[in-house]
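Chains as they are written, first to last, in the working numbering: chain P, 1 to 580; chain V, 1001 to 1347.
Keep in mind the hints are simulated off the structure, nothing from the lab.
All values reported here derive from a predicted model rather than from experimental measurement.
Ideal Cβ placement from N, Cα and C applies to all residues, glycine included.
There may be inaccurate statements among the hints.
As the list claims (entries may be wrong) - Here are some of the chain P residues that sit facing chain V, going by a computed Cβ distance under 7 Å: (1) Arg99; (2) Ile172; (3) Trp186; (4) Gly194; (5) Gln195; (6) Phe196; (7) Ala257; (8) Gly261; (9) Phe264; (10) Phe267; (11) Gly268; (12) Thr289; (13) Asn328; (14) Ile404.
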Amino acid sequence: MSTVEKVGAGAGTYVDQRLGSNRFLKRSLSKVFPDHWSFMLGEIALYSFIVILLTGTYLTLFYKPSMVEVIYQGSYVPLKGIAMSEAYASSLDISFDVRGGLLLRQMHHWAALIFVAAVSVHLLRIFFTGAFRKPREFNWIIGVVLLTLALGAGFSGYSLPDDLLSGTGLQIARGIVQAIPIIGTWGAFLLFGGQFPGDDFISRIYSVHILLIPGLILALVTVHLMMVWVQKHTQFPGPGRTNNNVVGYPLMPVYMAKAGGFFFIVFGIIALLGGLVSINPIWIFGPYTPDQVSAGSQPDWYIGWLDGMLRTMPNWETAVGGITISWNVFIPAVVLPGLIFTAMALYPFLEAWVTGDKREHHLLDRPRNAPVRTAIGVMSLTFYMLLWIGGANDIIATTFDLSINAITWFLRVALFVLPPLAFVFTKRVCLGLQRKDRDKLLHGYESGRILRLPHGEFVEVHEPLDVKERAIIESRLMTDHAPLPMPASVDAAGVANKHYRVKRLQAKLSRVWYADQIPAPTMAEIEEGQHHAAHGALSEAPLHAHADALENVPFHGGVLHTPGEEKTNQEQLNDRGGHL
Amino acid sequence: MTDVNTHEHSDHPVTSGRLPVADVPHKPRRTDVDPKAARRAERQVAGMFTLSVLFVILFVVAYVAIPKDANVYIPVLGLVGAMNLALGVTMGAAVFLIGAGAIQWAKKLMPDVEVVQERHELASEPADTAEAVDQYERGKEESGFAGYKIIRRSLLGALALFPIPLIVLLRDLWVQPTDTPNPQAELETTIWRKGSRIVVDGSYAPVKASDLPVGGLISAVPENMMEVQEEEHTLNARGKAAILVVRMQPDEIRSQQGENWDYQGILAYSKICTHVGCPISLYEQRTHHLLCPCHQSTFDLADSGNVIFGPAARRMPQLPIGVDEEGYLVALADFAEPVGPSFWERG
Ligand code: HEM
Ligand code: FES
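Generate the whole structure from the sequences, applying the supplied hints.
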């Protein structure tokens, strides 16, 4: 033992005697984490958040959240002698007079963009692989809240420098608050301490930006990670991977080195971006004044879809009996985002209700095996992308020399037409992939080698799948689930079923959910198919070295597949009278 | 260290308390079988960590040595601040290399055998649940929560109401001026008055009708803008009073919001978009269209400022104007309707 290790062990004992921490370490150091590139998305979010906290703390040392008017005397010549808020002047000082200040500002901004992007893509990964299913619904909800907070953090930060661009964003935000029925006007006056722009808002949004939102994010991220820890990470299907185990690398040393190393990589890349790529050059825009605007002003990327909604909404407003309701602002900026985030938060529960699937899921779905979910996801993404195009309609119009009116009208129609088309298309693609999987299981894969048979016919040689691919495709057998049975309107005793309508709706939706699924072959069929392919390929090599690994294809949760029983899930379900 | 990591575990999956994955054949890496390759990986990792130290030193040197205002020309990037570039690159490289070294170490020299751990059911054992329920019932019993109905109800009442002070305290987020009955009163007026001269924003010079050619456009404010701003220490007045003044041929004006609110073809409109309040200044003189840069609402200034496209629902308010005895443009009154975005009480 080296001296360092001795000191470490001493400290460990000291702490253990007070907290019993070694019991925790014993279990934790060997904890297994599955490996997959897409599991790094959440890590990127976490690490960029840490960079945000670090750089943000430095910025607070130099930034002055005040709207008091000062005359700029710093070293950026074009703005010298100009009246501006202290907030803007201090942001300029950070950029030009604090050594490394610009680096911190740019790192903070880059980290923020990466943070929101990583959170968003992470969410997509969770969605498309079904990682939100039981038992991880809470973490999904926390994730949706985190995404909302991330948008709030970004927007509030964008407002702090008090340059022309950020002030325009605030003006729009104020207009949106004012459009909320009944409480809007008062809400706007309370938030801004009076009229726009007033002299309170920067200091108020400052405490929201550096205390309230980061505090909430930090607390939620902690809970989020604790839940991942307790529930253990999900894994993609593969050889030896079942719903009841975790296959991967132990925390100590491999995962620790990889994850720890990855933190430094993310940090390093953000620092390089901060040094090399300019972001939000606030000195170009000049100080904020409510009667000027820079043309072509664009928000950060993650606000684009909201802006797109504002732009494509028809101009409806109702003025009756002394009140005005601005549907044109209230619906796209408040109602729809509210509905979208609520629907997102509730999605796991809706899906579980429709599928009637109450099993725990630790093995991830391949998107093709849940065609309706995947189609819903692509449909939503299409909607989002269209709104995003809407948010950039002026740029698109000038770049491609199109009329803004034409783009807007196109979007008004496309928003209703293209997402359903995307749904249908995606579902088809998924089913096609399922069919391909089935063929591979039944006949092996097409090797591309052409064989000429003695009687002159040409055939393509099929080869058995390798262990890994076969395990991945076969994973579907473990997760398939039958649609819910139709309820009876009266039970055996002739008593009317009170929940009949609801149950019937549920069963119908469940049928829609599972409709068109390409049935997976049974274990016996697969075995035969692969065996056949092996012969066809003129190779006698046994497929599975471990015969027992095959016998024990574990089934979890719903208990459909029992070793040795060569029946499809549906058959077994029927045997059991439709009860799981 | 190298030996322990490369040879002890490489071919036998690790088993202590965990199971190896039976099905996957493990292919040894070069570093597992070739001590030279392992030695090379060891040197790479150590090299990266050492380089990181070097970059930290370079960072400090750059911080001290480079003047704040020095610029350098870098192909692709253009002319950039030398300090920012040097600090970013050295710090980025220093940190990145630590990460790259650690990952190289993990990939090349640490065991790459996947191991298995069993999951355990998350739900508690029925016995544990039963015990928890018992404890709860006992607590309920002992506290008398179920029995003392009045205590229970009054407690719930108290808990429901105690946050009220916290909400009440938010009322003075807006310290309401004594002469302002409600928020809408502040939104409904601007500092334009009968006789206020129209001055050019920026130079604050008054405008003679003859100064403005047909097709011309100026951004303007009332003459007392600066005084009000200095007195109030805010930009609030400016946010409502900013106007655009345009001139067209009198016969091009198809309609306006009041009779003779123009002066010889000169029209004044609020500059604040009725959608959500962006200031507008994109004016196409041929069509008399005013385009908002934020969400592209388009207004026709020759036709009462009506909306012809986009998400804005209301026309741009018009300011009635005339000239004073010296021939300068003046407002004839304040706006007849509130400027800027809609609000509930607007009517
Ligand atoms: C939680 C996620 C956060 C996000 C997404 C975020 C995002 C942003 C953005 C986009 C800006 C504008 C930066 C610019 O270009 O100048 C900003 C500014 C700022 N942020 Fe954050 N931020 C976060 C957390 C924090 C934290 C935790 C702190 C402090 C402890 C902080 C302190 C600041 C300060 C002082 C500024 C103003 C800097 C300036 O104007 O020069 N931020 N933030
Ligand atoms: S603010 Fe003018 S169109 Fe939205």
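Against the structure, the hints come out as follows:
About 6 Å separates the beta-carbon of P:Arg99 from the nearest beta-carbon of chain V, less than 7 Å, and the hint is met. A cut of 7 Å between beta carbons decides the hint on P:Ile172: the least distance to chain V is about 5 Å, and the hint holds. The interface hint given for P:Trp186 is met, as the beta carbon of that residue sits about 6 Å from the closest beta carbon of chain V, less than 7 Å. Checking P:Gly194 against chain V by beta carbon gives a least distance of about 6 Å; that is within 7 Å, so the hint holds.
At a threshold of 7 Å, the smallest CB-CB gap from P:Gln195 to chain V is about 4 Å, leaving the interface hint in force. For the restraint placing P:Phe196 at the interface with chain V, the shortest Cβ-Cβ distance is roughly 5 Å, inside the 7 Å limit, so the hint holds. Contact between P:Ala257 and chain V, as hinted, is supported at the beta carbon level, the nearest pair being about 4 Å apart and thus within 7 Å. For P:Gly261, the shortest C-beta to C-beta distance to chain V is roughly 3 Å, which falls under 7 Å, so the interface hint holds.
Interface hint status for P:Phe264: upheld, as the beta-carbon distance to the closest one in chain V is roughly 3 Å, under 7 Å. Annotation: interface hint on P:Phe267 holds; nearest CB of chain V at approximately 5 Å, less than 7 Å. With a cut of 7 Å, the hint placing P:Gly268 at the interface with chain V holds, because the nearest CB-to-CB distance is about 3 Å. Because the closest C-beta pair between P:Thr289 and chain V is about 6 Å apart, less than 7 Å, the hint holds.
Proximity of P:Asn328 to chain V holds as hinted, the smallest CB-CB distance being about 5 Å (cut-off 7 Å). Below 7 Å, beta-carbon pairs count as interface contacts, and P:Ile404 has one with chain V at about 5 Å; its hint therefore holds.
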